[in-house]
Amino acid sequence: TSGQFDADINEAFKLNIGMETDEDYRRLWSDIRDGRLPEPTGMFCSVPTLFDSSQAPDGKHTAFIWQCVPYHLKDGGSERWDEISDDYMDRCIDAWRRYAPNLNDKNIIRKVAMSPLDIDRKLYNMKDGGLFMGRLIQGQLEYFRPLPELSGFRTPIDKLYLGGSYCHPGGGIIGAAGMIAAEVIAEDYGLEKWWES
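Each step along the sequence shown adds one to the number in the working numbering, with nothing skipped, and position 128 is 109.
Treat each hint with caution, since some may be false.
[Said to hold, decoys possible] Straight line, CA to CA, 27 Å or less: simulated BS3-like cross-link-like pairs of lysine-lysine:
no., residue 1, residue 2
1, K92, K108
2, K92, K(-5)
3, K(-5), K87
4, K(-5), K174
5, K41, K92
6, K108, K(-5)
7, K55, K108
8, K92, K103
9, K103, K(-5)
10, K87, K41
11, K174, K140
12, K87, K55
13, K55, K103
[Unchecked claim] Label pairs and their calculated CB-CB ranges:
no., residue 1, residue 2, range
14, R78, D56, 22 to 32 Å
15, K92, E130, 34 to 44 Å
16, E60, R14, 14 to 24 Å
17, G159, Y6, 24 to 34 Å
18, M0, I138, 33 to 43 Å
19, A167, H53, 33 to 43 Å
20, G171, E60, 45 to 55 Å
21, L104, P150, 12 to 22 Å
22, E4, W176, 38 to 48 Å
No lab work stands behind these hints, which were simulated from the structure alone. Ideal Cβ placement from N, Cα and C applies to all residues, glycine included.
Using the sequences and the accompanying hints, generate a full structural model.
Here it is, written out as structure tokens:
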């Protein structure tokens, strides 16, 4: 149905859905700032297999939803995520269904909730579940990530390169930092790129 509104939507790797008004933005960030669990709005959704079919068997797809939420919940702290993450994931999927009505329980084979607490536990460099790995402050944005001295993906240590959401362009552009790091490595070693930029 979204494709009927704008055909280019079907060509997008990541969709931002649920933020229809300025008030939606204000409410979401107010809830996050105050430690309240927001209604599933302002979600980033993606179906990577539309662009790389090797990630799933023929005729199947992978998908993910990324909803901004607080790590420290006002009611129960971060540990409460262990109790509520599955239910909140289902609420997010229900919200996505308003835009993709064919997304139903019959065609979902497996679901995995990754709360900010889960991310914090599994990925030590993503403190408090922060997918951007570090503060997004003026001196560490865009080309200055993670800090100006290391912004070119190379490090002072020979043959050690950086690549991740802490590098330019940041965690919101999925896979881009890894691709740029691969280009830098290929350039340094005179390797032919086998991918399109």
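Hint-by-hint comparison with the structure:
no. : hint                    : in the structure
1   : K92 / K108              : holds (24 Å)
2   : K92 / K(-5)             : holds (19 Å)
3   : K(-5) / K87             : holds (23 Å)
4   : K(-5) / K174            : holds (25 Å)
5   : K41 / K92               : holds (14 Å)
6   : K108 / K(-5)            : holds (24 Å)
7   : K55 / K108              : holds (18 Å)
8   : K92 / K103              : holds (18 Å)
9   : K103 / K(-5)            : holds (24 Å)
10  : K87 / K41               : holds (12 Å)
11  : K174 / K140             : holds (18 Å)
12  : K87 / K55               : violated (35 Å)
13  : K55 / K103              : holds (23 Å)
14  : R78 / D56: 22 to 32 Å   : holds (27 Å)
15  : K92 / E130: 34 to 44 Å  : holds (41 Å)
16  : E60 / R14: 14 to 24 Å   : holds (20 Å)
17  : G159 / Y6: 24 to 34 Å   : holds (29 Å)
18  : M0 / I138: 33 to 43 Å   : holds (42 Å)
19  : A167 / H53: 33 to 43 Å  : holds (42 Å)
20  : G171 / E60: 45 to 55 Å  : holds (51 Å)
21  : L104 / P150: 12 to 22 Å : holds (19 Å)
22  : E4 / W176: 38 to 48 Å   : holds (42 Å)
Of the numbered hints given earlier, the model fails hint 12 alone.
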